[in-house]
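Chemist: Model the full structure from these sequences, guided by the hints.
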Amino acid sequence: MSAGPATPRIPARIAGREAPAAPVPPAAPPPAPPPTPARMRAPLKPGRILLWAFGVLAILFLLAPVLAVLPLSFSAGSFLHYPLPGLSLRWYADFWSSDFWLPALWNSLRVGAAAALLAGVLGTLAAFGLWRWRFPGQAVVMAVLLAPMVVPAIIVAVALLLAFGPLGLTSSFTGLILGHAALGAPFVVVTVLAALQQFDATQLRAAAACGASPVRAFWRVCLPQIAPGVAAGAVFAFATSLDEVAVALFIAGPAQRTLPRQMFSGLNDSISLTIMAAAMVLVLISGLMLLAVTLLRRPR
Amino acid sequence: MNRMAEPLVRFEGVRKAYGAAASGYAVQRLDLEVEKGELLTLLGPSGSGKTTTLMLLAGFEMPSEGRILLGGRDIARLPPHRRGIGVVFQSYALFPHMSVAENVAFPLEVRGVPRAARAERVRKALAMVRLESFGERRPTQLSGGQQQRVALARAMVFEPPIVLLDEPLGALDKALREEMQYEIRALHQRLGLTMMYVTHDQQEALTLSDRIAVFEGGRIRQLAAPRRLYEQPENAFVAGFVGENNRLPGVVRSAPEGEGRDRAIRVMLDSGTEVLARPVDAGAPGSRCLVAVRPERVAVAAILASEMGEDALSARLVEVIFQGDHVRLRLSLGDGAEVVAKRPVGAGMLPEPGTLVSVAWDPAHAHAFAAEG
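From first to last, the protein sequence lines are chains Z and P.
For the first sequence, the numbering used here gives the first residue as 1, with consecutive numbering after it.
For the second sequence, the numbering used here gives the first residue as 1, with consecutive numbering after it.
A portion of the hints provided could be inaccurate.
[As the list claims (entries may be wrong)] Cβ-to-Cβ under 7 Å is the rule here; a few derived chain P residues that face chain Z:
1. 60
2. 80
3. 91
4. 93
5. 95
Simulated from the structure, these hints should not be mistaken for laboratory data.
Here the structure is a predicted model, which is why all the values come from computation and not from measurement.
All C-beta atoms in this analysis are idealised placements derived from N, C-alpha and C, irrespective of residue type, glycine included.
Modeler: As structure tokens, this is what we get:
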């Protein structure tokens, strides 16, 4: 018998589906509490309260900056300060009619979609190859594929600038999409590998015995079953592209300015509160992405 | 006289080594023929090479040496999807995202069979495994036995020249397994399907097969029809692996005498009695050997051995175990060796445990083998 397909260990949390539940040893019956009929309810243990408090604090710490700044986008005034002089949608109206912001939003969505598509295709193929076959240097290939996740974005940006310059890929959509696809692909690799851990490789043999070529077996048998993982990875790749600023600063020309890139320069030029409306739009899209991933992960 | 038709499948000098050849062969110099229309079972313990042999024919393994002919054509280097062989896996390997009907239609879809013809053939295939009304269901909504029947339908629907079954009933419980054995046998006979079947369950092999190849250590130890395999094993391994056998060690005392059915040697058992046995591959006088007697061939009488005849053994009845359709008698010979005898229920009075009795058998049913490792 051949060895089972190689399944590199990867965190299942960012997976399209939850990893199989680890075999839990049968729960030993809890030691019977001493009979204390006077108090029926277990008191809240201090450790539990501490855990909850810590959790709430962590969430606050993560969300506070966003929560603090977003109401400013509804300000009727023109300055970045509280209290708000009044509520209005004027900055949204400004955003929606601006030829400074709208093309940037459009660019962001286009680049994000193309990068997510590219990362989805290449990342899925890479993950399938890593899962299906064992080959020398597998760990190295895996590390290289996942590198953009850990290498600082600014280093990736500089490297891309140096590499793309001679190829004429700077100041081009192609260059920006390639760069963002490289940044997003690791997410796809990770989510697809997690999805493949649920997939029984014998099904590929069964497909072959039915007469299906390897390509057809992948397309018709494997891909439909790992599709949630592929989609979740692509969503992550899209989200990565959406808020990426370093590569956009280095690679994008005036025609390829993305929303975060525009916010960056908008902040330098003039403090208009439209930037807060733009931020709100980004947060909204990210929220939708998060929702999409949650729905994709739901067991059906 | 007509020459026998060319066999459907022929393994010619096939060897399979995994990794470095120094680590030994999983299959060593296999020569095996599968006749058209037969159900051939590969039987053996795990690691004996039976599954590897099946995978070599399916195309999931490539032989290190030798040829594999299907209908006269060497397919040893052909990828599995070009071989047109049906395979049923132990884990069913149904496609969970497709309905039962879509699963069965898949081989036809791949072959470009038009949609209308496809539906008709799927319906027929599902009817064959008595699942006509289950086409719309998902595989996960079926029981294990039903899933395996779908897998069977999927492996037969494109009318392959041979269907391979890799321990297909291994995951089912005992009652269902027996029911499925008869079902597979009936399908095989009704459709004249050629099948190659892998199992480690000798009872299953005896029930199903036209012929059985017993594997051990990467080679075939005997290839014969079930009855012959059971009654005339060719070596001690087969005698021990197929059916139950009493295995009594001893030393050969005489060269064979007599002709045909009466051909016999004398063996001095380690328990101290000399008995007659049919020589199979036992060595020259003085060499170690093993006498094998089926429990149902052992006669037990509540009289002393000396009164019963010269080949009777004296034994003490240790235990009587009731097993429904028969009783098992555990008998202890002089030196602690044990003999088991089977008796139909109601075949006369049984002596009490602890009594001295005599045991005997027809020498024609005692096989003397060379002692193995």
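Chemist: Could you run down the list of hints and mark each one as holding or not?
Modeler: Against the structure, the hints:
no.	hint	result
1	60	holds, 6 Å
2	80	holds, 4 Å
3	91	holds, 5 Å
4	93	holds, 4 Å
5	95	holds, 6 Å
In this structure, every one of the numbered hints holds.
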